[in-house]
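A.B. asks: What follows is each chain in one-letter form.
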Amino acid sequence: MTVALMSNDKILSTLQRVFADIFEDAEFEFSPNLVREDVKAWDSLGHIRLIAAIEEAFDIRLSIEDIDKLTSVARIAAIVAAKLA
Amino acid sequence: MAVNSFSIVDLPWLPRLSETFRAQVRAVEPDSASDWGVLLRQLATQHIGLTQAISLSQSLVRLSAKQPSKALTSFRLGLVSNATTDFLRPMLIATALRFGIALEIIAADFGQIMQEAVDPDSQLNRAKPDAVLLAIDHRGWPLRSGGSTWPPFDAATANADLSLICQSFRKHSGAICFVQTLAAPPELLFGSLDAATPGTLRSAIAAFNARLIEDTPRGGDVIVDIDWLAQSVGLDAWYDDRQWYLARTPFAQKALPLYADFICRIIAALRGKARKCLILDLDNTLWGGIIGDDGIDNIALSPGDPRGEAFRTIQSTAADLRRRGVVLAVCSKNDAATALEVFRTHPEMILKESDIAVFMANWDDKATNIERIASQLELGLDAMVLLDDNPAERAQVRQALPQVAVPELDEDPSSYARTLLAAGYFESTAFTREDLARAEQYQGNADRARVLAGSRNLDDFLHSLQMRMDCSPFNAVGRKRIAQLINKTNQFNVTTRRYTEQEVAEFESSAQHYTLQISVKDRFGDNGMISVVICTKRNVEWDIDTWLMSCRVLNRKVEEAVCNRIARDAKAAGAKRLLGTFAPTDRNSIVRELYSKLGFKLLDEQPTASRWVLDLESFTPFTVFFGE
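Chains as they are written, first to last, in the numbering used here: chain U, 1 to 85; chain C, 86 to 713.
Bound conformation, chain U alone (with noise of 0.2 Å):
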């Protein structure tokens, strides 16, 4: 798989997924600029579910570091690029 040619975009759209499929019922719309306090369901519970669909969908593990960082959708794109480098 070509995971390390993935373009910024190509990163958004499967973050997109994952957001729709963990936060389904949420009322929220989708964009780099997402924060998380604008999610009713990504409470802690919601970020650690976050967290492994973001791995198993890039193939890639986050650090205990990382994890804090998690904020918004831009800073998620961010740092998934950085992993995929």
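No wet-lab data here; the hints were simulated from the structure.
The reader is advised that the hints may include incorrect statements.
Unchecked claim - Using 30 Å as the maximum straight-line C-alpha spacing, the simulated DSSO-like pairs for lysine-lysine come out as follows:
#: 1; chain 1: C; residue 1: K361; chain 2: C; residue 2: K642
#: 2; chain 1: U; residue 1: K40; chain 2: C; residue 2: K358
#: 3; chain 1: U; residue 1: K10; chain 2: U; residue 2: K69
#: 4; chain 1: C; residue 1: K682; chain 2: C; residue 2: K656
#: 5; chain 1: C; residue 1: K339; chain 2: U; residue 2: K10
#: 6; chain 1: C; residue 1: K339; chain 2: U; residue 2: K83
#: 7; chain 1: C; residue 1: K642; chain 2: C; residue 2: K622
#: 8; chain 1: C; residue 1: K155; chain 2: C; residue 2: K361
#: 9; chain 1: C; residue 1: K686; chain 2: C; residue 2: K573
#: 10; chain 1: C; residue 1: K151; chain 2: U; residue 2: K69
#: 11; chain 1: C; residue 1: K573; chain 2: C; residue 2: K256
#: 12; chain 1: C; residue 1: K656; chain 2: C; residue 2: K686
#: 13; chain 1: U; residue 1: K40; chain 2: C; residue 2: K151
#: 14; chain 1: C; residue 1: K213; chain 2: C; residue 2: K358
#: 15; chain 1: U; residue 1: K83; chain 2: U; residue 2: K40
Stated by the list, open to error - Per the computed footprint, the stretches of chain U lying under chain C, defined by three or more beta-carbons under 8 Å from a beta-carbon of chain C, are:
#: 16; stretch: 11-24
#: 17; stretch: 33-43
Stated by the list, open to error - Residues of chain U placed beyond 12 Å of chain C at every Cβ, according to the derived structure:
#: 18; residue: M6
#: 19; residue: S7
#: 20; residue: A52
#: 21; residue: A53
#: 22; residue: R75
None of these values were measured; they are calculated from a predicted model.
Don't be surprised by glycine CBs; every beta carbon is placed ideally from N, CA and C.
Assemble the complex: chain U is given as a structure, and chain C must be docked to it using the hints.
C.D. replies: Showing chain C alone in chain U's frame:
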């Protein structure tokens, strides 16, 4: 994404998740054409993750509030844990649907394990659940000794705590406990020496488990072998420390569906919903190749040939299952004579013709044949598992007979035995003498069905069976099986009162009670213990508290013979009347007319129970067909 291989955490025996899952769940309504319980059960019978589990568990709540489902059996599970149970709850509820169980979970507050157990007024003890799951891992037991000297770990206090917790729940709520073995984390202090050095975590966990395995069945509680489960997933994958630090999840999130399935199988087994019969396809399932095309000399079945060995493993697995009481049948699109010839003459066959209770080889569709097999064995379709390498056949059977379990298989026969066993269809919480004989008993059903077809009438048939009945009061030898029957029998059961093994033991020595355990033999085999009676003696009245019978001896006049026996013993003890209660449930309509059929008079009728009386003075024993 194309997936080429599965590991056990992916529940490879289940069909993959349908892309329209969400829409299908939303479409389930109380007024759907089928019972909504049936629909949710079908939806749960695929590889669901936490997201799907959440929507299924929400649907269950939404639909049960409108109208209860007749297709689901309820079970109330208490849950205590040293870890987060937020994910576990929806996953367990959704997974239980896969087994036809409407699960209600009463979860204790985080970490309140001992308080919940010992306080008679605790939330769990007041809720009186059917069972309490002790979802506690090594971090929740006091395994670590204080101080900074050797040893850091010891199991004695933890084992004592566990006993106290189990006994307290039993005493205050009547619930049995599901007790988890511990999986040792993959970190070693010395290396290989940890195993042999008392005081290491690995040794302390081994000691804890050894004691738990000995104590748990003796106390009437049930072991959940998480040690095995974690090892089969791989300890390195099972323990995700990062998730533990972040959210106190006790094992990797990825293993949640497997863990839930593992627990729900046990609940299903306790409710009598474990599968009982394995139906085997032949070509490319029991041997490599197609017998009708390749011929008996060219099928793969020999040791030394890698393909042959894979099929031999499937056969020896089926033979082992039969040995523990699973009934085997064959269902194959084949010419019967050609197929039978392999069983009769191929020198490398492990399964013999005599291992197969019903042999169905013809050109009819599989669903029809499976219905025939079920009816000959007098087993429900929900007791059946079909092992078949052909994806089209599997799909047809799943569609036509959703009650039948049909494990998914990949194209490699070397994975079949493992996949079949990993699915846990034949889960059991006890192993009794009756289980050992069960495969023969059902084979006997098929033989009896053939004899009945050749008899002129039922009485001739019953006479020709040469039945013998043995009745005796409860005793220690029968205790386990009596408790099993009391807790599993749903259909022929007048009051559906459940008693624990401990309570059964108390009946043995109670002067106020009359008890019977009844077993039946005939010329086709030993049916083992099939009926249980408990009467409360009140001077001149004996009140039937419990009367149940296994449905495999229906239509044999066993109930008439048992009635004769109770009446005889009651009369001999000076009783004048026999009282009976019928408490209707959604499963026991088969005994609705029992008391009236036996000549009891209706005393009183309420929606929850009717009361019946038999005058012993005027009672004439029924004609029955048993030697004693």
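A.B. asks: Please go over all the hints and tell whether each is borne out by the structure.
C.D. replies: Okay, the hints, checked on the actual structure:
| no. | hint | verdict |
| --- | --- | --- |
| 1 | C:K361 / C:K642 | 25 Å, holds |
| 2 | U:K40 / C:K358 | 40 Å, violated |
| 3 | U:K10 / U:K69 | 21 Å, holds |
| 4 | C:K682 / C:K656 | 20 Å, holds |
| 5 | C:K339 / U:K10 | 25 Å, holds |
| 6 | C:K339 / U:K83 | 21 Å, holds |
| 7 | C:K642 / C:K622 | 25 Å, holds |
| 8 | C:K155 / C:K361 | 22 Å, holds |
| 9 | C:K686 / C:K573 | 29 Å, holds |
| 10 | C:K151 / U:K69 | 44 Å, violated |
| 11 | C:K573 / C:K256 | 22 Å, holds |
| 12 | C:K656 / C:K686 | 18 Å, holds |
| 13 | U:K40 / C:K151 | 28 Å, holds |
| 14 | C:K213 / C:K358 | 22 Å, holds |
| 15 | U:K83 / U:K40 | 28 Å, holds |
| 16 | 11-24 | holds (count 3) |
| 17 | 33-43 | violated (count 0) |
| 18 | M6 | 14 Å, holds |
| 19 | S7 | 18 Å, holds |
| 20 | A52 | 5 Å, violated |
| 21 | A53 | 9 Å, violated |
| 22 | R75 | 17 Å, holds |
The structure shown violates the earlier hints numbered 2, 10, 17, 20, 21.
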